[in-house]
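> As a plain string of letters, each chain reads:
There are 2 protein chains.
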Amino acid sequence: MSAEASLVRDVLDEYGGVARSALKDALDQAARRDPVYRLAADYPMRGGRALRASYCIAAARVFGASIDEATHCAVSLELLHNAFLVHDDVEDESEERRGRPALHVIHGVPVAVNAGDALTVLGLRPLLKNRLTLGNTIAFSILEETERMVRESVEGQALELRWRTENASELCDEDYLRLVLKKTCWYTTIYPSRIGALIGARGRVDLDRFVRFGFFLGAAFQIQDDLLNLLGEHEHYGKELKGDLAEGKRTLMLIHLLRHAPADEKIRLLEFLSVPRSARTAADLSWLRAQMDRHGSIEHGRKVAHALAGAAVHEFAFAYAGTPDSRDRRFIASLPHWVLERT
Amino acid sequence: MSAEASLVRDVLDEYGGVARSALKDALDQAARRDPVYRLAADYPMRGGRALRASYCIAAARVFGASIDEATHCAVSLELLHNAFLVHDDVEDESEERRGRPALHVIHGVPVAVNAGDALTVLGLRPLLKNRLTLGNTIAFSILEETERMVRESVEGQALELRWRTENASELCDEDYLRLVLKKTCWYTTIYPSRIGALIGARGRVDLDRFVRFGFFLGAAFQIQDDLLNLLGEHEHYGKELKGDLAEGKRTLMLIHLLRHAPADEKIRLLEFLSVPRSARTAADLSWLRAQMDRHGSIEHGRKVAHALAGAAVHEFAFAYAGTPDSRDRRFIASLPHWVLERT
Chain A
1 MSAEASLVRD
11 VLDEYGGVAR
21 SALKDALDQA
31 ARRDPVYRLA
41 ADYPMRGGRA
51 LRASYCIAAA
61 RVFGASIDEA
71 THCAVSLELL
81 HNAFLVHDDV
91 EDESEERRGR
101 PALHVIHGVP
111 VAVNAGDALT
121 VLGLRPLLKN
131 RLTLGNTIAF
141 SILEETERMV
151 RESVEGQALE
161 LRWRTENASE
171 LCDEDYLRLV
181 LKKTCWYTTI
191 YPSRIGALIG
201 ARGRVDLDRF
211 VRFGFFLGAA
221 FQIQDDLLNL
231 LGEHEHYGKE
241 LKGDLAEGKR
251 TLMLIHLLRH
261 APADEKIRLL
271 EFLSVPRSAR
281 TAADLSWLRA
291 QMDRHGSIEH
301 GRKVAHALAG
311 AAVHEFAFAY
321 AGTPDSRDRR
331 FIASLPHWVL
341 ERT
Chain B
1 MSAEASLVRD
11 VLDEYGGVAR
21 SALKDALDQA
31 ARRDPVYRLA
41 ADYPMRGGRA
51 LRASYCIAAA
61 RVFGASIDEA
71 THCAVSLELL
81 HNAFLVHDDV
91 EDESEERRGR
101 PALHVIHGVP
111 VAVNAGDALT
121 VLGLRPLLKN
131 RLTLGNTIAF
141 SILEETERMV
151 RESVEGQALE
161 LRWRTENASE
171 LCDEDYLRLV
181 LKKTCWYTTI
191 YPSRIGALIG
201 ARGRVDLDRF
211 VRFGFFLGAA
221 FQIQDDLLNL
231 LGEHEHYGKE
241 LKGDLAEGKR
251 TLMLIHLLRH
261 APADEKIRLL
271 EFLSVPRSAR
281 TAADLSWLRA
291 QMDRHGSIEH
301 GRKVAHALAG
311 AAVHEFAFAY
321 AGTPDSRDRR
331 FIASLPHWVL
341 ERT
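Quick note, the sequences are listed as chains A and B, same order. Residues in the first sequence are numbered from 1 upward in steps of one, following my numbering. Residues in the second sequence are numbered from 1 upward in steps of one, following my numbering.
One chain only, chain A, in its complex shape (with noise of 0.2 Å):
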């Protein structure tokens, strides 16, 4: 493992834990008051790195803050992050969530929808207390933050639904990278770096200078996370190995092999893309994944996560540009070789 590698393990160690306590804590007292939340709990309560949450403490006290007053911000984030796991295993159809079968799958669609709804206002209240730890100002724009943050989410879900809907055939990198800045880098790198610098700047700082940055750095981990899905083994990832395949997710990878694939195999594949999932055999699946080493896809996705994690290595002093060297900004420095380090 690289020195960076090294040094993020052990800042998401320390500030997940931190993170994973106060977010157990919410949940125990939400539970507390009603039994839903005990089976919201489900997802949040099997464990992760928690790394959304610790990249916004460590962007946080990068521009002055201490974790205290991240805290509120990290559970939110933990909880939000978890919400949309929730209704995207559902709208994905999806089988398996770390390693246990996803909570549509335990208790069936509509109890998931309201138990995925429980989460996301749960969610709302970290950051309504935020008003007591860093005032009406910042707390409210931390709302208007998180609006955002949900809203681009929420559109970048529909539009990968609309792909399924369509049977979209004719994508190339740029819609998947358009697709994957909403859909993934604004929850998991813009909005913690915007947040973490609201709180410790205090509003003196422009929020806009995070988003390359993220951006770059987000699509390389989604990429990496997509190819870890087609390559990794299932102890080691949590989600059923090849679930992407079996989910038809316009992957760059797939997206690739639709270019890619001679007319007959373009035939088959978008055949394949537009049955309903249970209608895909093993043998669909392996037959997929040779074509996507035959073809180079593979190849293909592993080069444009190099290439965006070197643009998000290179965009990290000008988003940084002026702070001083701490280990917090180190870990933000090192997230672009560690996203390409992960099995």
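No wet-lab data here; the hints were simulated from the structure. Careful: at least some of the hints might be erroneous.
To be verified - Straight-line Cα separation of at most 25 Å, BS3-like style, residue types lysine-lysine; simulated pairs: (1) B:Lys182 / A:Lys129; (2) B:Lys129 / A:Lys182; (3) A:Lys303 / A:Lys266; (4) A:Lys129 / B:Lys129.
Given the coordinates of chain A, work out where chain B should sit on it, guided by the hints.
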């Protein structure tokens, strides 16, 4: 029609028109940004009385505000109301809404879940705009009220889902009223008056005074709504007639029947409730409906609705004590009468 019901109709026409017009503007603007909002605009654009928005505007005016000052909240209420409807229809497997197929029947569950989320985030936007018209403090307090209202609604829906999942049979009127307080009253009657008073009185009125009036009024409204579903004509109702029976919805009337049916009928009733909706036949529904007449369940519902509306009339004097006479005040005072006269 009584003078009270006639006044309510006139004010609903006027304020409902204001709310629908501002709602349409918000939806048009959003649809220009992203196509998901065209789809999400379906339910809001099917029309409706805009009861909640109108009540909010009237309450604001009773406490001294202008219509304009309450419009952002009125639009938000309609958007959040429709967001609930979209997800509730998925969760309840409802087939119709306002005389047309439910959103998930038209587009499938994945798109409907996403469209509900899109309406939720769209409903937050006008509340953020309140910052400019009402100032930081009142705008923030409205957000806190909104978090509470959404929380109550989600918890109420969760409770109803639990009753269905566990095939709850030992329920009483108090259980039903507890459900309806959370699931209906908070967003239909309690929240609109609380935020109306907040806007009008700028934080100088204790908001808890509205809870009892809102509870009595909202519960009478819900029971009357459920009676209309059992008794009404399809063209006047807009949801499938007897849809509540097909869904196995624990209405006050069904709960009464569960308590008063003889043992052999209760067994048949519980079996009916335990099977999936698709396994319930038209003959089952007719039998169930006939038993409700036979055992006085319909009559019981009517009596309780009348008693609650009477209690609301009584509570009105307390909730709106000290406010000067006005058309808005008389509109609110007339709501309990109107609720019982709806057909």
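> For every hint, state whether the structure bears it out.
For each hint, the structure was consulted:
1. B:Lys182 / A:Lys129: Holds: Lys182 (chain B) and Lys129 (chain A) sit about 23 Å apart, inside 25 Å.
2. B:Lys129 / A:Lys182: Holds, at roughly 23 Å.
3. A:Lys303 / A:Lys266: holds (23 Å)
4. A:Lys129 / B:Lys129: holds (20 Å)
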